[in-house]
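**Student:** So you can see what is in the structure, the chains are spelled out below.
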Amino acid sequence: MSHGDGTFRRLARLTLRTCVRGLVIAVLSVVPGIPLFVVSMLSLPLLAVGIGVVPVPMCLLAVRRRASQQRRFALEWSGVSITTPYRPRPHEVSNGLIGRLQRCKWLLTDPATWRDLLWTLVNMPVGVALGALPAFGVVAGVVGLLSGVWLNPGHLRQLPLFLGLLLVGVFAGPRVLKAHAQFSAALLAPTRKELDAQVGRLNESRSQVVDASAAELRRIERDLHDGAQARLVSLGMGIGLAEQVLRDDPELALKLLAEARASSGQALADLRHLVRGIHPPVLAERGLDGAVRALAVSLPLPVNLHIELAGRPPAPVESAAYFAIAEVLANVVKHSAARSAWVQLLYQPGKLVAIIGDDGTGGAVPRAGGGLRGIERRLAAFDGLIAVTSPAGGPTVVTMELPCELSLART
Amino acid sequence: MRVVLGEDLTLLRDGLIRLLTAYDMEVVEAADNGPALLRAMVSHRPDVAVVDVRLPPTFTDEGLKAAIEARAQVPGLPVLVLSQHVEPLYARELLSGGIGGLGYLLKDRVSDVRRFIEAVRTVAGGGTAMDPEVISQLLTRRARDEPLGRLTPREYEVLALMAEGRTNAGIAARLVVSEKAVSKHINNIFTKLDLYRGGDDNRRVLAVLAYLNA
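Those sequence lines, one after another, are chains A and B. Here the first sequence is numbered in this note's numbering, starting from -9 and rising by one per residue. Here the second sequence is numbered in this note's numbering, starting from 284 and rising by one per residue.
The set of hints was computed from the structure by calculation and includes no laboratory data. Just so you know, even glycine gets a beta-carbon here, dropped at the ideal spot from N, CA and C.
Distance ranges between label pairs, derived from CB positions: (1) Asp315/B <-> Pro381/A: 54 to 62 Å; (2) Gln356/B <-> Asp279/A: 20 to 28 Å; (3) Pro292/A <-> Leu294/B: 37 to 45 Å; (4) Pro25/A <-> Thr341/B: 53 to 61 Å; (5) Asp428/B <-> Val265/A: 25 to 33 Å; (6) Glu309/B <-> Asp201/A: 50 to 58 Å; (7) Asp307/B <-> Ser224/A: 31 to 39 Å; (8) Ala426/B <-> Ala204/A: 33 to 41 Å; (9) Asp428/B <-> Ala204/A: 37 to 45 Å; (10) Asn294/A <-> Ala426/B: 16 to 24 Å.
With the C-beta cut set under 7 Å, the calculated list includes, among others, these residues of chain A facing chain B: (11) Arg251; (12) Ser254; (13) Gly255; (14) Leu258; (15) Arg262; (16) Pro271; (17) Val272; (18) Glu275; (19) Arg283; (20) Ala284; (21) Val287; (22) Ser288; (23) Pro290.
Just a sample of chain B residues kept apart from chain A, beta carbon distances all over 12 Å, derived: (24) Met284; (25) Tyr306; (26) Arg328; (27) Ala355; (28) Gly381; (29) Gly383; (30) Ile400; (31) Thr435; (32) Asn451; (33) Ala452; (34) Ala455; (35) Ala493.
Here chain A stands alone, though its shape is the one from the complex:
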């Protein structure tokens, strides 16, 4: 008996959950849905007269948030994974009019924006119909059965109808929600063309990365060859010579050995320098948090740190983030004439965010072959982004984002 009770209770709980989720979908498709769509459509013509640059990105981004929420529901509630189709945000977005225009262009030229809007429109009837169906079946079924049994015992002919409604509500509910998720996927997932374009972008960034890492390997090879290796050869020669002359000319042997020791010290210094460039030891020892602290301590200007990381990003992301931050801070020291700088390092769902600012003279521009472009390439390998705002007169703020997951803090 208790076993049957447990099953019943579980079934009731699952049904209740499905009904509530369905109602959430139904309500959301109308309440933010209709105003979002209407206001977006109304703000678009304003672009023609210029004042649209403010409301259009706001509306379209709100539509995106709504669509992304539905993507999450589809995955969490129905197991339907919908890839985010948006094109990457443009780099170097400034806050002025030009930045707003850039943002409008970025949003309006992305087909995913229009598909989001189309989904918002079609979802109004579809979301209400599919979302409300489970709850409607359950409520109508239960009410009908109860009234049929107690109030109008004569109307037994309608009992199968109510029983059917109840069964549909209970057993078909999850499938109805899944159908809604699949309908959403049809409009909210990237199209074939978009996927092709994404593959193109990935190919490009990959080949840039491959080029960059090949160049990096060549540099390491050259540094080792001309630096530590050469010094070790001279070290061996010096010791060999000292061995030869040890008996006949102890004075000379002593001098050769002293030179050999100096040479070994130089070789170590070279290797240390090289290792710092490949993977800074402090990063291996302390992770990104400690490495950035060590970096701040070694700079000739005060750097305020605000670091909030509950875990560690994967090693390659840590390394990329570290070098990017180090490069930005090096630029601050070299070019900005700043008296202080600050670094904010935090994790937002799905991405590592680093914001670096200074109180310097501003006017930083990413140039071909320059440090900022190098960072851009480095981050591109991880689908990361960098945005620089640096009006003449300052201050300069550099924002970097690297998509990643955090692992629990290693001790």
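Position chain B relative to chain A; hints supplied.
**Tutor:** Leaving out everything else, chain B in the frame of chain A:
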């Protein structure tokens, strides 16, 4: 002199034992990992511990952590930390744990045997031995500061040597000047940097390190 050693690479461990033994020091225990090192330092209470920063099991800063923890449990325990690289941040952490009996050197310095042994003895005697590279990094960091700019090049040199933990006699020998000249420079430095004039060498070193580290 009784020494506890923390070094995981056999080659370097054996070399260090040979070196220390040759200068009449007794290596009472050579640990090859962090937890064993901490136990050894706390139980043996050696005259000095020579510790590598990176040790098993994590191969991160196991040795440094063991050193800081040991000095928390046994205040003033003399520790000389060795590393393939030096970080001002680590120096700061070591210094924050207490005064004196502290060294932080690049492993390279071992090859200059006489100076290395001198550093071991300084630390064992409650003194300080900071690697010139740490000091130069600290000085670079403070290079834009106004008071440092007021030092003459000679005073600057003296400041760096003093921060490494050298005594007046040591500085005088290094710069080939008289001890009297050195103490005159040191007086000027303390006036210009507005530092409190402590009594002995060690206090002054710590005042300078604290200034650079601030």
